[in-house]
Structure formats: C-alpha cells, structure tokens
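Participant: Sequence:
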Amino acid sequence: MEACLDIYQKFQESKIDSLEINSVAALVMGGRSSEVQRMLDSLRVKATSSFELAFNTACSLIERKKYTDAEQLLLSGRRIGQEILMEDNLPDDEIEIELSPIAVQLAYVQQLLGRKRDAIEAYADIIKRNMADESSIAVAMNNLVSLKGPKDVSDSVRKLDRLKEKEAQGFFLARGLDLKLSAKEKEAIYANRVVLLLHANKINQAQELVSRLPDMFPESVISVLLQVALLMGENKAGRAEEILAQFAADSLAKILDIQHMPATVATLVSLKERAGDIDGVTAVFDFATKWWSNVTTEGNKLNIIMQEVASFKLRHGKEEDAAQQYEELIKSQESIRGHQESE
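Numbering follows the numbering used here, with no gaps: position 86 of the sequence shown is 101.
None of these hints come from the bench; they were simulated from the model. Errors might be hidden in some of the hints.
Below, a list of computed lysine-lysine pairs in the DSS-like style, where the Cα atoms sit at most 27 Å apart [said to hold, decoys possible]:
| hint | residue 1 | residue 2 |
| --- | --- | --- |
| 1 | K181 | K131 |
| 2 | K81 | K163 |
| 3 | K251 | K179 |
| 4 | K199 | K179 |
| 5 | K199 | K181 |
| 6 | K269 | K305 |
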C-alpha cells in the first residue's frame with residue numbers, strides 16, 4: 016500500500032484525471048481515511064470536482080463515522096454525475112448504471128443513520144430495477160438481507176443464491192463478483208449466508224461454510240464468532256470457549272512489545288491453558304524467562320515469571336519439575352539478596 020501511494024504521489028504533477036480518485040481509494044482501502052482531506056488540500060482539489068472523487072471521499076467519511084457529511088457529499092456526487100453524463104449524451108439507463116455505486120452507498124448511509132425503512136426501500140428498488148452493475152447489486156442484496164434479519168429466511172437465501180457460482184458445489188461467489196468485491200464485502204456476504212443457514216436450521220451447510228471461512232479470511236473476527244455461534248447451537252459450549260480463548264491469546268500475542276511483561280504472560284497463560292494449548296504456554300514462559308534473564312537489573316520480574324512457571328507445572332501434575340523450579344527461584348532470590356548486602 017505504501018508503494019502504491021508513493022507511485023501516485025510521484026505523478027502529482029501529471030494531468031492524469033484519475034490520480035486524485037485512485038489516491039483517495041488507496042487511502043481508504045489502506046485504512047488511512049483520516050488522511051484523505053489533507054491529501055486533497057495538498058493537491059488543491061475539491062471532493063466535488065468529479066462524481067467519482069465525491070464517491071471515494073464519501074467512503075472515507077463513512078469510515079470516520081461522519082455519516083451525515085457522507086450523505087451530503089454522495090447527493091452532490093450524484094447530481095454532478097447526472098449533469099456530466101447527460102452532457103456526454105449517455106442514455107438514461109447507462110447513466111443509472113454508472114451512478115449505481117452512489118445509489119447503493121446512499122442506501123447504506125441511510126442504514127447507518129438508523130433510517131431502516133428508507134434503506135430497505137432503496138435497496139429493494141435497486142434490485143428490482145436491475146439497472147446497476149453486478150457488484151453494486153450484490154452489495155444491495157447483501158445489505159437488504161442483513162436489514163431483514165430472520166424475517167422471510169427463504170427469500171433471503173434465494174437472493175444470496177443469485178450471487179453464487181452456478182456450477183460450484185456449496186456456496187462460492189460467482190467468479191466475476193469474487194474479483195470485483197472487496198474482502199470486507201465478500202466476508203459480509205459469506206457471514207450473512209451462514210446466519211441465514213442457522214436460522215433455516217441447515218446445520219450441515221452452515222458447518223461446511225464456516226469451516227472454509229478461516230482460510231478465506233484469516234484475520235477475521237467474524238469467522239471466529241460464527242464458529243462459536245455454531246458450536247453454541249450444538250451445545251458445545253466448552254469447545255466454543257476454547258476457540259474464543261485461543262483467538263484472544265493469538266490477538267494478544269501480536270502485540271510484540273509487551274510479550275515479556277508479567278501481566279501479559281499471566282493473561283496469555285490463562286487463555287492458552289483454557290484453550291488446551293499447553294505447548295503454547297511453554298513457549299510463552301520460555302520467551303519471558305529468556306528475556307528477563309538477559310536484564311540484570313530486573314531480577315524481581317524474572318522471579319515473578321519463575322513463580323508462574325512453577326505454579327503452572329504444579330497445576331498440571333508435574334510436581335518434580337515444580338519443586339525444581341521453586342528451588343531455582345529460592346537460589347535466585349538468595350543471589351539477589353547476597354548481591355544487595357555486598358553493596
């Protein structure tokens with residue numbers, strides 16, 4: 016993403032019309048929506064200079080939860096787009112297709128603003144008219160299904176069926192959609208599909224789809240929550256707790272700067288123990304022990320870790336190992352005390 020932005024910035028002095036549009040899109044997709052306005056200011060470009068730029072800038076406002084501002088910008092973008100495309104003598108149906116992403120995004124903003132009925136009517140109209148590009152229709156369908164919830168599950172399942180690859184066994188998005196939709200949009204469709212299957216009591220289909228989600232969306236919280244929901248529905252609360260504990264531990268383990276801290280170690284050990292990941296517990300202890308052993312001024316922190324190790328071994332029936340750990344702890348404390356007395 017950084018390289019992509021660098022390339023765009025190097026071409027700032029060129030007259031490529033899509034520069035600003037693509038730069039804003041890159042920032043939004045890179046999770047840097049807060050930088051969009053500053054970039055537009057530096058380029059001396061207004062968000063309303065084109066309907067495409069208005070759309071992308073509105074997306075950045077949505078990411079920043081400025082929904083009312085986003086709605087106003089989308090309305091301006093739609094008006095600008097209609098004027099420009101009419102000047103180009105495009106037929107009305109082509110204009111509608113060209114501006115369909117704005118129509119879907121306007122409905123989404125209405126949804127976010129709590130105007131549920133307006134959003135449902137807008138999505139339904141987009142789908143009924145069938146004048147949008149396929150990715151916009153897919154997003155409209157998925158959002159409509161999400162808004163309707165468990166109401167009329169069969170109809171919602173049929174709507175999502177229209178998005179699947181025709182020849183595939185199981186639910187896979189059509190190839191064209193899979194290429195055009197963002198990872199976030201695809202994840203939302205698959206997640207809604209699982210929820211509908213659970214409401215329809217189609218457990219086997221839900222299990223099959225849930226089993227694929229971690230590979231498709233490895234960093235996803237939603238796929239983990241769907242796994243847990245499925246397990247809870249099968250009265251497997253213990254396994255659900257293990258998965259949640261492992262996910263929490265994995266998330267904490269990604270914060271590298273605090274892996275050696277006693278509080279982090281204690282939390283990781285508790286979570287991994289609950290998840291049954293004994294090897295993971297050992298790895299946590301080994302890392303922390305090695306880290307504090309190399310810090311000569313923090314013997315008390317090492318002692319805390321050693322106490323945790325001994326306690327863990329005792330809990331798991333390794334009495335001899337625990338006794339040895341306690342002996343090392345006593346020796347360590349005596350060594351520190353002797354050193355202090357000599358000073």
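Participant: Taking the hints in turn, state whether each one holds.
Facilitator: Okay, the hints, checked on the actual structure:
{"no.": "1", "hint": "K181 to K131", "in the structure": "violated (32 Å)"}
{"no.": "2", "hint": "K81 to K163", "in the structure": "holds (24 Å)"}
{"no.": "3", "hint": "K251 to K179", "in the structure": "violated (30 Å)"}
{"no.": "4", "hint": "K199 to K179", "in the structure": "holds (17 Å)"}
{"no.": "5", "hint": "K199 to K181", "in the structure": "holds (22 Å)"}
{"no.": "6", "hint": "K269 to K305", "in the structure": "holds (19 Å)"}
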